[in-house]
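> Residue numbers (UniProt numbering), protein chains in the order written: chain A, 1 to 422; chain B, 1 to 422.
By construction, these hints were calculated from the structure, which means they are not laboratory data. Keep in mind that this is a model prediction, so the values were computed, not measured. Note that the Cβ used here is the ideal one computed from N, Cα and C, for glycine as well. Fair warning: there could be bad hints in the mix.
[Said to hold, decoys possible] Selected chain A positions facing chain B (Cβ under 8 Å, derived; list incomplete):
1) Ala109
2) Pro179
3) Leu248
4) Gly259
There are 2 protein chains.
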Amino acid sequence: MKSFIQVLPNSHFPIQNLPFGIFSTQQNPSPRVGVAIGDQILDLTVISTLFENHVPELKNPSNVFSQSSLNSFMSLGKPIWQATRRFLQNILSDDNPELRDNNQLRQKAFVTQKLANMHLPAQIGDYTDFYASKEHATNVGTMFRGKDNALMPNWVHLPVGYHGRSSSIVVSGTDIVRPCGQRLSAKDQPPIFGPSNKLDFELEMAFFIGSGNKLGERIPIDQTNNHIFGLVLMNDWSARDIQAWEYLPLGPFLGKNFGTTISPWIVTLDALEPFLVNGPIQDPVPLPYLKDDNPSAYDIQLEVKMKPNNSDSFRTLTKSNLKYMYWSLKQQLAHHTINGCNMRPGDLCGTGTISGPSEDSRGSLLEITWNGQNEVNEIKRKFIEDGDEIVLTGYCQGDGYLVGFGECLGRILPAVNHKNQS
Amino acid sequence: MKSFIQVLPNSHFPIQNLPFGIFSTQQNPSPRVGVAIGDQILDLTVISTLFENHVPELKNPSNVFSQSSLNSFMSLGKPIWQATRRFLQNILSDDNPELRDNNQLRQKAFVTQKLANMHLPAQIGDYTDFYASKEHATNVGTMFRGKDNALMPNWVHLPVGYHGRSSSIVVSGTDIVRPCGQRLSAKDQPPIFGPSNKLDFELEMAFFIGSGNKLGERIPIDQTNNHIFGLVLMNDWSARDIQAWEYLPLGPFLGKNFGTTISPWIVTLDALEPFLVNGPIQDPVPLPYLKDDNPSAYDIQLEVKMKPNNSDSFRTLTKSNLKYMYWSLKQQLAHHTINGCNMRPGDLCGTGTISGPSEDSRGSLLEITWNGQNEVNEIKRKFIEDGDEIVLTGYCQGDGYLVGFGECLGRILPAVNHKNQS
Ligand SMILES: [Ca+2]
Ligand SMILES: [Ca+2]
Ligand SMILES: [Mg+2]
Ligand SMILES: [Mg+2]
Ligand code: NI
């Protein structure tokens, strides 16, 4: 399969991928639906008459694709997503002349990615974050509770999750202001107030709900993949000092909700299907509602790099892989709805930090520097400093092509000074 | 102040109140904005031309009031809310003939509450729940960690809060399905799966954000009241067995997110201002960003009643008061945004369970029956059974009138049986 649009071998966006996103341009500042191909974006609003002819089951394509979020398209359900994908692969194929040889339409239909602004791909109603990597939970647990009590007894029986803040989820490229808050400066002393000095990233991926379920109903594990639209990269910025002081007994709050960054292109489950592999063996065997004998981990190679404030280049901090994750996306969604909790199109579920088995696959500075005990040598960092940039990337290695996620980038701005308030 | 609409002495909705809600009727099924007065609803879409004449600063009232949520009105800001309230008190006053004597308009403008369907008053983007009653936190902490470790060290320094699920917030009158999930049946045994058998209510109130703040900015404590639109009653249904097993270390999740019920009428801060009183003395003195020397507790009398499945009448379970709450609404909002977390119109913040100092003012069955050790005698309940109804009510006692919240009602339906899944 090959497109008439040029796709370089190291591009994340060949015809095998075709991720969905929301973009705008200077000429047309209305955010709308596009699909990435090579270094271009195919503007779906421009080819909506082609959809009318070739995908009649998709009603009113010009309305669906001119929305400023993908929620409307997501709500149409998996058969429509798949028909759309098949049609797009067809119309972009180098042996199909319909769009290829229509010069006038091609001129209008393609936008260079560098000239586009990317927006949040969906209006996110609720955002959940899981804690599904055993290595991450073990590392953090060992640090704070010792090796023998690292994992809570519930951890091997269910994918632990909690609710995050949807308002502060931003798209890649958005600056993040260093948060202020309460933290302990010494044991048994009252807390002090000021900018966090343990600012961290978390290497995560996240899945978007496409079609939801009604309150009081559930999504059985063998139907979960019909409800998941696709995946993005996610950096769950975390202020470790604020978090450590506030989180007992009800979980993370201000240590997390000052900002969460996601990559702009949603890679569909269909594009990821060739990269399904077996996940870690689960022992003890999960309860029946979580049991799943099919390969349901994804082999997605992940990397985090930092560009320190005094440097021009990015240095690798860690390399990991989504396949290390203990609880699968399917298990996360089946668990989330087992009590009747309702999902809506556009809801987002993060996997939790994805750490691997080796020291160089740890998914946060908390783990890499062991809570600041060590320093990342080349860049002299225990945590993130003002002006530092963090970028997450990820891709699947196909046979002669990549299915990639692009990047998830964010830079830290200095804390806001409010003398009369602190 | 008196309205030409009859208001009985025990009505929650005299002219001093005028809460905002979203309603629809059989004749006009479009949800729209109304204001409660006596046993009537004033349909603001019908009197939008009066707004054009008398409240010119409110642009396009017919559009704002025909929305299916209050978000649009909320986003206009406090000066507009106040101008609207002043105008409504004026136009409803018994000495103002403009609406009183316009029989044709009156016919169309008023709807009997009993004939209306109430909807969620806002589209809730994010929902936060605090834990701001010292008595509640102490009771729960004593039960699970013993008297000496009842309160975590952070509790007296900040209003502890966590994120809840917005998708499952429903309006009073909506049935709630008993959730299923994992729970421990015996210590050191693997968890079992099934319907919760420790289903509980939580007596809470909640405030709606009217106008928000940008990501990275904060709302200083002396400005918080400009951002709070008003209050509702809230029942934060809780499955104690699911919660106990899942909540470490990241907080409540499936034990809470199967449903949360709020009352339909939002009582504005302006209507509540006459009932401001001093809250509990705060020792230690909070950090400067939380310090507030003005009376900022509200004297709101609260009551929870149960109608058991085998009974025709409601029995009182507890009586409490919002004024017992340790951390004020202002402190909650100032804390929530101190790290730059952004609020949006329609976001909801619950206070946490409001327990008082005496045994008959405990705000949950967990506390009332001390985790099922005792029974509520007259009704033979440790927790909630299928078919039981719970109603929360609340009001302020004015001089010859009440400013009330109506009721927040919910009934529990049996768990859904999915034999092949459990
Ligand atoms: Ca996380
Ligand atoms: Ca609660
Ligand atoms: Mg975050
Ligand atoms: Mg709830
Ligand atoms: Ni939310």
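> Could you tell me which of the numbered hints above are not met by this structure, giving the numbers in increasing order?
Of the numbered hints, just 1 does not hold.
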